[in-house]
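Novice: Chain Y is fixed; fit chain X onto it per the hints.
Spelled out, the chains give:
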Amino acid sequence: MNDLKLLADLRSEVPLEDGTRLGDAVIASIPFSERDHRRMRGGAPRRRVRRRALRPLLAGTLAAAVGAGAFAAVELSGAPASRPRAEEGTVAWSGHPTAAWPAAGHPSYGRASSAAQLVDYMTRAAASAPGRAPKPDEWVVVKSESADSSGGSGGYLFGPPDKREISLQWFSGETCGPVASVPPVPATTAPDKTVTGTLSIGGGGQSRIGCSGTTLGGWQSVSYDYLNSLPADPAALEEILASSAGPVTANTREQAIFQAIATLLDAGEVQGVVVPPKLSATLYRVLQQLPGVTFESATDLAGRRGIGFSMVLEGYLKLEIVIDPDTYTYMGYEYVAIKDHAMTGTDGTQYVKAGHVMGWGALLGSAIVDKPGQLP
Amino acid sequence: MRLQNEDAAWLAAADDHAGRPCPDDDGTVIRHSISDPEFFAVLVRRHAPAIARYVTRRIGRDAAEDVVAETFLVAFRQRAGYTDEGRDCLPWLYGIATRLAHRHWRTETRQLRLLARTGADPVTEPFADRVDAAVSAGAVKPRLAEALASLPKVQRDALLLLVWADLSYEQIAVATGAPLGTVQSRISRARRRMRSQLADIDPQGMTEGDQR
Numbered sequence: 001m002n003d004l005k006l007l008a009d010l011r012s013e014v015p016l017e018d019g020t021r022l023g024d025a026v027i028a029s030i031p032f033s034e035r036d037h038r039r040m041r042g043g044a045p046r047r048r049v050r051r052r053a054l055r056p057l058l059a060g061t062l063a064a065a066v067g068a069g070a071f072a073a074v075e076l077s078g079a080p081a082s083r084p085r086a087e088e089g090t091v092a093w094s095g096h097p098t099a100a101w102p103a104a105g106h107p108s109y110g111r112a113s114s115a116a117q118l119v120d121y122m123t124r125a126a127a128s129a130p131g132r133a134p135k136p137d138e139w140v141v142v143k144s145e146s147a148d149s150s151g152g153s154g155g156y157l158f159g160p161p162d163k164r165e166i167s168l169q170w171f172s173g174e175t176c177g178p179v180a181s182v183p184p185v186p187a188t189t190a191p192d193k194t195v196t197g198t199l200s201i202g203g204g205g206q207s208r209i210g211c212s213g214t215t216l217g218g219w220q221s222v223s224y225d226y227l228n229s230l231p232a233d234p235a236a237l238e239e240i241l242a243s244s245a246g247p248v249t250a251n252t253r254e255q256a257i258f259q260a261i262a263t264l265l266d267a268g269e270v271q272g273v274v275v276p277p278k279l280s281a282t283l284y285r286v287l288q289q290l291p292g293v294t295f296e297s298a299t300d301l302a303g304r305r306g307i308g309f310s311m312v313l314e315g316y317l318k319l320e321i322v323i324d325p326d327t328y329t330y331m332g333y334e335y336v337a338i339k340d341h342a343m344t345g346t347d348g349t350q351y352v353k354a355g356h357v358m359g360w361g362a363l364l365g366s367a368i369v370d371k372p373g374q375l376p
Numbered sequence: 001m002r003l004q005n006e007d008a009a010w011l012a013a014a015d016d017h018a019g020r021p022c023p024d025d026d027g028t029v030i031r032h033s034i035s036d037p038e039f040f041a042v043l044v045r046r047h048a049p050a051i052a053r054y055v056t057r058r059i060g061r062d063a064a065e066d067v068v069a070e071t072f073l074v075a076f077r078q079r080a081g082y083t084d085e086g087r088d089c090l091p092w093l094y095g096i097a098t099r100l101a102h103r104h105w106r107t108e109t110r111q112l113r114l115l116a117r118t119g120a121d122p123v124t125e126p127f128a129d130r131v132d133a134a135v136s137a138g139a140v141k142p143r144l145a146e147a148l149a150s151l152p153k154v155q156r157d158a159l160l161l162l163v164w165a166d167l168s169y170e171q172i173a174v175a176t177g178a179p180l181g182t183v184q185s186r187i188s189r190a191r192r193r194m195r196s197q198l199a200d201i202d203p204q205g206m207t208e209g210d211q212r
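Sequences listed follow chains Y and X, in order.
1 is the number of the first residue of the first sequence in the working numbering; add one for each residue after it.
1 is the number of the first residue of the second sequence in the working numbering; add one for each residue after it.
Some hints here could point you the wrong way.
No farther apart than 25 Å at their CA atoms in a straight line, the calculated lysine-lysine pairs in the DSS-like style are these [as the list claims (entries may be wrong)]:
#, chain 1, residue 1, chain 2, residue 2
1, X, Lys153, Y, Lys318
2, Y, Lys371, Y, Lys318
3, Y, Lys163, Y, Lys193
4, Y, Lys339, Y, Lys163
5, Y, Lys135, Y, Lys371
6, X, Lys153, Y, Lys5
7, X, Lys153, Y, Lys339
8, Y, Lys339, Y, Lys353
9, Y, Lys371, Y, Lys193
Pulled from the structure, derived: some chain X residues nowhere near chain Y, Cβ distances all over 12 Å [what the hints assert, rightly or not]:
#, residue
10, Arg117
11, Thr124
12, Gly181
13, Gln184
Everything labelled a hint here was simulated from the structure, so no lab data went into it.
Predicted, not measured: the structure shown is a model, and the values here were computed from it.
For glycine and all other residues, C-beta sits at the position ideal for the given N, C-alpha and C.
Chain Y with its partners taken away, still in its complex shape (with noise of 0.2 Å):
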């Protein structure tokens, strides 16, 4: 008997199953139907599906998904009517997208340089101004950037970071609540530059993150309510995170831990959700102290100097997460290839070049305003 034949015989009682019980629990996970997939978008539709694409994808989704919906003409303008719950539908708008906001007035401690000035005073900011969740009857907006390519992007960009958008968001702090957006303008688009267009109410409902059975990938649920029961001790907020299913591309531990970490970040905060301040503190704290985890100082596309943290992935891929050292709140991700990598998939090989950005993106701004279409 050779050692192959050997192996084969290993855990051989493992039954073959029956296809037609197998397959119907898998098809019912499968969204077939237009209607599945607008279900799916901005997470997975239930438990066991609740991977996530390489992040620079999710952000393609995001208009899409606040776009889903049947619309309403109501009325509304720039300084929105005053209603007790917005309805969904369209109206005109007019503003300044790309105009900068007010200080959002967080607390400082000073400019943080390390990572542990930056746990030190995201700690202390947390304990002077415990943040809250938005009441139901106001809205989270949210000011993001995303980078596309004239070279395309699928899962990442295809060629240089050079279409650059930014985006306005209001979120309901109704639970599952209704989304509104604006559409995107360039990011060249001058800040005095007033822009008019459509302000668009959908239902949030099932394309929010946390909503209808979707998960934001390694975290059970991003609701401030759950978010802000986390332990504040980072040991115990590690064995969480590890515990959940991180995305598919974390092949350690710590990895899934920082992938989590970044998304809750990124996709989660540019899609609403409110991160307590305690929380953020302890996330850094265990940014501080994963293995694997290089920090710098580090200059995102859009220029701001900010504070990295950075950890390689699948041996050739370097996510950063950026904190801006003043305010001690999420500033950005990068995607960067750190050396020459062929990715060979089922759709044929594809190179990418050391120093290429894979993914980029900025949040702008977060603020709980009272109504969708208002701007701090």
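Specialist: Quick look at chain X alone, frame taken from chain Y:
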């Protein structure tokens, strides 16, 4: 998507999803499923049992459930990129399943080490009523498990795709995205390690490997 003539003819002759005969060729099924997504169910029913058995043998029944479901979900989403016109898309599916099972890499290794240490296998426990096959010889299973547990990821993948998924070297190359030569050397190294683990049990037999 515009169907090729023979596909259109085949579809025209078909009655409905439930009753119509299916083409044998996986590539054709996948092509149809691009314009008619529910057709993908044919592939699920055809291949889910094999994928489930392979994944279960690697990471246990509980963890396998999610991985199998997600394997087909990933395949469904990527089906437009499937270009292999061959009859059998199993290597593609095994490749997806193998990558997804890596999420449970630590569990897989822990279970193997438990088997190596105690002789009890948590993976086969739920199927305890079934008769174990030829590896009943007490000393062999723990040794095999120890050898598997000590293998690097790429070697374990290649070896188990060969033996448990019954793929050829060429199919393993498709499944793992590695060049054929790399697959050969991975399997060769993995087997060398296995043989050294088993050497004192059956030194004669170990050196006469089945050169598939």
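Novice: Would you mind marking each hint as holding or not holding in the structure?
Specialist: The hints, checked one at a time:
1. X/Lys153 x Y/Lys318: 21 Å, holds
2. Y/Lys371 x Y/Lys318: Roughly 38 Å separates the two Cα atoms, so the pair is violated.
3. Y/Lys163 x Y/Lys193: Status holds; Cα separation ~19 Å.
4. Y/Lys339 x Y/Lys163: 24 Å, holds
5. Y/Lys135 x Y/Lys371: Given pair Y/Lys135, Y/Lys371 holds - Cα atoms ~12 Å apart, limit 25 Å.
6. X/Lys153 x Y/Lys5: Holds - the C-alpha atoms of Y/Lys5 and X/Lys153 are around 21 Å apart, at most 25 Å.
7. X/Lys153 x Y/Lys339: Satisfied, since the Cα-Cα distance of roughly 21 Å is no more than 25 Å.
8. Y/Lys339 x Y/Lys353: 6 Å, holds
9. Y/Lys371 x Y/Lys193: 22 Å, holds
10. Arg117: Consistent with the label, X/Arg117 stays out of reach of chain Y, its closest Cβ about 16 Å off (over 12 Å).
11. Thr124: The claim is violated: X/Thr124 sits with its nearest Cβ about 5 Å from chain Y, within 12 Å.
12. Gly181: 14 Å, holds
13. Gln184: The assertion about X/Gln184 holds, with a minimum of 14 Å to chain Y.
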